[in-house]
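Participant: Letter by letter, the chains look like this.
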Amino acid sequence: MRIGWRNPWESDKAVEITAVARTHGMHGASETLAGGIALTLAALGDGLATRST
Amino acid sequence: MFFVLVKHENAGGFMAEGEWHALSGSGPSTAPGVLVVTFGPGMANAVNVVANAMQDRVPLIFLTGCVDEAEAACYTHQVFDHQVVLRPIVKASFRVAPGSIGAVMEKALALACEGQPGPVHIDVSIFVAEAEISEPVHILVARSGLRDTPAGGPCLENARQMLAVAERSLMVAGVDAVNEGAGAAIEAFCRRFSIPLITSYKAKGLIDEADPACLGGAGLSPRADAILMPLIDRSDLVLLVG
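Residue numbers (numbering that gives the first Met the number 0), protein chains in the order written: chain A, 0 to 52; chain B, 0 to 241.
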């Protein structure tokens, strides 16, 4: 990611799913979900209403 | 394992990366490639691909020949400290001696594959390379505990609240999602919640690039950024996966 992708969003509207600590410093997230992606996505959406555009 | 003799160390390293990608498919359990080079200029020629493996999260066992320590103390031709050059661009660097080979190989394989994969260097001196040595290597199955565990606790509950009320969510996915084989889960999640997906270049192909929900690979193109950045600005939730 080039320089335009440094802090491209406000951290307080970002949620990150990661199995390892992020130390790159290029962006932030208000919530860091430490876990596997597939299983954590399932937990994140569990029971929430489906959305249509 | 089979050997392929190549004309340049850098090309050999990228071939090892390609082989790993081709074989790894949708899972993290594929054995890493091995790049074998001679000492000095041979090692230096591979610095490019080793740095690439570090930044692009490619598991790679990097074996370098080296001059025996007693020889190196009073000899200069093409002799320099491989480990000092490589340490900033590898997950770990080892030098093996008889008796430590099995243990070092175990560590190297585990480190190359765990978490975010990457290169691990092993310096092999001439007397070790020429010797016939038999040491057991107990191969650990390359699974990361966290990869097989969902997040939980208050952070997850906060995130669920954010998702429940968000009207204009976006997802940004990177190479870890590819290495975890998470494409199907990401596609299902994005469809269920009508979330468009931006990927890094390395994560292109996680979902069909022709899918209307796929906004393509981003990160290097100002032309793409001119389209994508306003979407990020207007979003009320950015989900970062991998």
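No lab work stands behind these hints: they were computed from the structure.
All values reported here derive from a predicted model rather than from experimental measurement.
Note that the Cβ used here is the ideal one computed from N, Cα and C, for glycine as well.
Any given hint might turn out to be false.
[As the list claims (entries may be wrong)] Under 7 Å between C-beta atoms, here's a sample of chain B residues computed to sit facing chain A:
1. 5
2. 6
3. 148
4. 150
5. 160
6. 209
7. 211
8. 236
Participant: Of the hints given before, which are not true for this structure?
Facilitator: 1, 2, 5, 6 and 7
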